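Number of protein chains: 4
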Amino acid sequence: MLAKKSFASDNNAPVHPRILKAIRNANQGDYIAYGDDPYTEKAVEKFKEHFGKNIDVYFMLTGTGANVLGLKTVTDSFNSIITAETAHINIDECGAPEKFTGCKLITIPTANGKITVAEIKKLMHGIGDAHHSQPRVVSITQSTEMGTVYKKKEIEEVANFAHKNSMILHMDGARIANAAASLSMGFKKLTTDTGVDILSFGGTKNGMMLGEAVIFFNKEISENFKFIRKQGAQLFSKMRYISAQFIEYLSNDLWLENATHANEMAKILEKEIRKIDKIKITQPVEANGIFAIVPKKYIPSLQKKSFFYIWNEEKGEVRWMTSFNTTRADVHDFVESIKEVLRK
Amino acid sequence: MLAKKSFASDNNAPVHPRILKAIRNANQGDYIAYGDDPYTEKAVEKFKEHFGKNIDVYFMLTGTGANVLGLKTVTDSFNSIITAETAHINIDECGAPEKFTGCKLITIPTANGKITVAEIKKLMHGIGDAHHSQPRVVSITQSTEMGTVYKKKEIEEVANFAHKNSMILHMDGARIANAAASLSMGFKKLTTDTGVDILSFGGTKNGMMLGEAVIFFNKEISENFKFIRKQGAQLFSKMRYISAQFIEYLSNDLWLENATHANEMAKILEKEIRKIDKIKITQPVEANGIFAIVPKKYIPSLQKKSFFYIWNEEKGEVRWMTSFNTTRADVHDFVESIKEVLRK
Amino acid sequence: MLAKKSFASDNNAPVHPRILKAIRNANQGDYIAYGDDPYTEKAVEKFKEHFGKNIDVYFMLTGTGANVLGLKTVTDSFNSIITAETAHINIDECGAPEKFTGCKLITIPTANGKITVAEIKKLMHGIGDAHHSQPRVVSITQSTEMGTVYKKKEIEEVANFAHKNSMILHMDGARIANAAASLSMGFKKLTTDTGVDILSFGGTKNGMMLGEAVIFFNKEISENFKFIRKQGAQLFSKMRYISAQFIEYLSNDLWLENATHANEMAKILEKEIRKIDKIKITQPVEANGIFAIVPKKYIPSLQKKSFFYIWNEEKGEVRWMTSFNTTRADVHDFVESIKEVLRK
Amino acid sequence: MLAKKSFASDNNAPVHPRILKAIRNANQGDYIAYGDDPYTEKAVEKFKEHFGKNIDVYFMLTGTGANVLGLKTVTDSFNSIITAETAHINIDECGAPEKFTGCKLITIPTANGKITVAEIKKLMHGIGDAHHSQPRVVSITQSTEMGTVYKKKEIEEVANFAHKNSMILHMDGARIANAAASLSMGFKKLTTDTGVDILSFGGTKNGMMLGEAVIFFNKEISENFKFIRKQGAQLFSKMRYISAQFIEYLSNDLWLENATHANEMAKILEKEIRKIDKIKITQPVEANGIFAIVPKKYIPSLQKKSFFYIWNEEKGEVRWMTSFNTTRADVHDFVESIKEVLRK
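Protein chains in written order, with this note's numbering: chain A, 1 to 344; chain B, 1001 to 1344; chain C, 2001 to 2344; chain D, 3001 to 3344.
Simulated from the structure, these hints should not be mistaken for lab results.
Predicted model, so just to flag it, every value in this text is computed and none were measured.
Warning: the hint list may mix true and false statements.
Stated by the list, open to error - Simulated pairs of lysine-lysine, DSSO-like, Cα-Cα distance not exceeding 30 Å:
{"hint": "1", "chain 1": "A", "residue 1": "Lys267", "chain 2": "A", "residue 2": "Lys226"}
{"hint": "2", "chain 1": "A", "residue 1": "Lys219", "chain 2": "C", "residue 2": "Lys2021"}
{"hint": "3", "chain 1": "B", "residue 1": "Lys1122", "chain 2": "C", "residue 2": "Lys2122"}
{"hint": "4", "chain 1": "C", "residue 1": "Lys2219", "chain 2": "C", "residue 2": "Lys2267"}
{"hint": "5", "chain 1": "D", "residue 1": "Lys3021", "chain 2": "C", "residue 2": "Lys2021"}
{"hint": "6", "chain 1": "D", "residue 1": "Lys3226", "chain 2": "B", "residue 2": "Lys1164"}
{"hint": "7", "chain 1": "D", "residue 1": "Lys3121", "chain 2": "A", "residue 2": "Lys278"}
Kindly generate the complete structure, drawing on both the sequences and the hints.
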């Protein structure tokens, strides 16, 4: 166990006790493998409660798996995928999107991790010209890799532009719970109602052990997804153990409690950090991540106190993440340890 | 829960209580994600205890993922992979090997799921000829998809031939524990000592919740596997929850107890089935699977009593699997229900 | 230049003088590259004269390119492609189909290179089951790699079965001219009218310098082929030099004269070989190839006299091909040289 | 035929008469296909005369084919390829590099199509970190897509940096002849002697009918290229017809004459254009391309007079190319037609 609560990643947290209990309760007797079991049936129903009846949902093992297989479903290899330069699919998946789809990623530099229609428009070149990859998907992340959150209207604008140009809107929702909590808005309003076509829905970063879902808001595009999931090595045999987690996660607001708490802890951390002159927060804190420029000479000592990741080496920008199990005391201790180092 | 113990698949069984307890015990505090944690370190040590010091081992999420990424590591797309017609990589992975590697699979029809040097030899055509896929891997399954087990010497022969022809020996060990138990032989003797180059080591079918490993017996070939695993969407973030399972699985003979028990149940089932005139067992029962030809007219009624898979529709051949949680009473009830149907 | 006319391959022949002249005539002034030129327009019209108005045709550089990009157009990576074990796409393209499509090839052993509905039926397993590659294409070769020819009715039967099972019929027509000549039937009767969906139309083996075409008989499936061709590296910049060849090839029966002549030479060669006791012809000679078993001890001496390929080393089966430029004297000399060796 | 000489692309030119004659001369008798013929042997020798003895050279059908198969040879799918934003491999190959290699392309915005070590350095992030694509190739184009030319020293600097960082230097030499002519330097000095590892050598844009070559300057990396070429559908059967072209192209300075002439015509065109106030040349004219900003309102009329491509719609930047068959009169007429339009 790390000596202190980690602010390096929400992936470092343990599993929420209610999730663990749900797993234990599911451990009774035999069930047909590969998802043909009552847990999975019930979990699918839970998703429909949150996203509406007309979705098609599939459970996956990793966020990268959810992203790349969702993208593969709607692309041919001559397509391109438009996304933010900072997108997880662009920088944190070791080229999995290119490998799985054969597509080109076309990236947009952004100030805050969010892309706009104005920027996408500039990339709409060479449509119909055989020499150029044909844009087919716009992929956005909610909440973004920079800790910011797309507003409902911002998503709608991108969705409308995408659809008018025969493109698909993909949302990487590894932290969609944090966005929904931040906006005080249900999942449906943020996705189904805005025109999102495919969503990677993440559970692992918000209290689950593992479990991601790909949600299709149009069943025509998901017609063959069961084959794509199996061929993509993302079909879990003992599916009930993911399904049982999702049932619990989506019941009695567990997802919301966890995300709301993580966001609150980020707000408190932000407030304290803003009091420290030498540190400059670089992004609006809208979810559970804080980005800040710290004088470079202090970074190694800070990391030794409590490990975290450097986001941009040149600028000395770092990333701190809170999670469902971060406590006020953890934030306090973390801030104190920063102050101590900066005093030196 | 299925009303009765399932003989359809060892994947239908729940998680062994000791495994579940290990998961619960690991659920304390924060740990660095993606495998840089002490559970994973200890689990790797456990593997080295069983397989020898010179291995390189990586944890994976699915058996298909383990197989195809192991194969990708040692092939280029112009290679071919030689395997049994009945191999899981050939018939049960929805073409994942072709998709991930680009290679051609060349298959050998077998009587019992095992391939021999004599048969491989016949496929060694066109070596060095640019028009033909170049054989690079021989892949065998231990225990096989037909419930049979390669003897140590049989593996050595295939390994020697492979190495003499600049090929790699890959072993799909989704049920390697059942083979080891069947032969009363440790893992090392069956793999490291026989010349296996890459092993997919399965835990999910023998009492774990999820968790597979790819073991390389030559560190030169695994040099870049960490990138291949991540790009292949098989890098689990909260790795400690697989590692904790492996630690328990490989300690105090849990793997051996489970596999020995499953094999014994298969032997008992075999003995009872042999007493039934109308049913003909088609394969030697050497691990935890039984293959039998049942008069076709009875099959639907039997499946209604207790679901299982038809292996070969034309022949009326069915497959029954036992697992760590099969009891003598389960076998007894199953046999009685068969007899009852056959009396009609 | 080879000292003697080669019976090794129709690929060894030079370019027909009329084709060369057409190239020379096209070498005047500037034209827009990549196919937006009047030669290409006219060549497309020529194809429509032969195949009917409703085709969509694209020119390619190699037969392998034509095959694999045609197949890619109608498959997703989780599909399988059913073909004869002897098919060029299976044994002579170094795994290009698997690399370009990600699909599994499922092969049918045949006596004469032709597959039938009865054999395809046996492979229609696991439809709709996520664990298995889903059959999507049946690919046949006309004339076959064994020198035989599908009759019109045989093609229709395969086409009907394919379509009833939501599959596509692909024809590798690297030597379709030889088949058409053999059956005294125009291209349209053999393809458009039989239900072929995609045809690789070959010119290189019958007098052209280079030039293959992919013909789609249903424009819906070819909607995106121009991107697939470019991404597949098969879009020729100075397209007029292929188009000019096709115009000539498809005019005034050049294709038919060449193919008819090659077939006739094969018939004469067959007749002479049948007189030689020690040699056994193994396939009906229906196009421009002859397969024969020759006592193994003579083969090296024969190859020294005039090089040809051994088709099956175990059986001592060899392949002899005739081409548009084979003369009666060439056949006579070849037969005499065989007799001379066999006398020893 | 286009009414006037085209300044749209050097691909629009016909074949040089000496090349056509070489093709005609090669059209005698039978030769073994697929490159096992004396023309190919001699063409390889010609390449060695120009590039040194230690190269390994393979003939290809398209420039895209040459680029992507060269890149595939030295990459694994988890690698990235660093190149200029304007590179042909990035914008003009419909995503072929991603499809063939699975790699990510990482692009550098440039002023003049050339990349420098300083810019590459900034991209060397996350080396050894499994979450990020690992840089493996730097790809430069000589002469560049912007009509500029890397100096020998500039190539050496990139090569040294690449090699120090375990990377490969790839050069897209679709117009390498124009660069060599521009620098008055032989091929060897520009490639073998500078540290280039793989070269796509283009002939089609400088007077050949078709024919590209991939040259490896280190035989270890090309060990398996013959399989990659065949699987990549770039192995030409009647190889002698490309080889004969290369023999002629590389003899008696045909390549140099053609390129020198094209470059001279570009210089003359540049001189005349600089006299026109309303047009602003945007790039140094170092090879056979001219980039210029033309007031947008004139562009459609100009294109009607003589078609050319708009390079950057927003800026109104156009591209004009000269070729081996451009005459002084063509340049004069083209300039006059521009002046005429601009007067309106």
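_So, against the hints stated earlier in the document, which numbers end up violated here?_
1, 2 and 4
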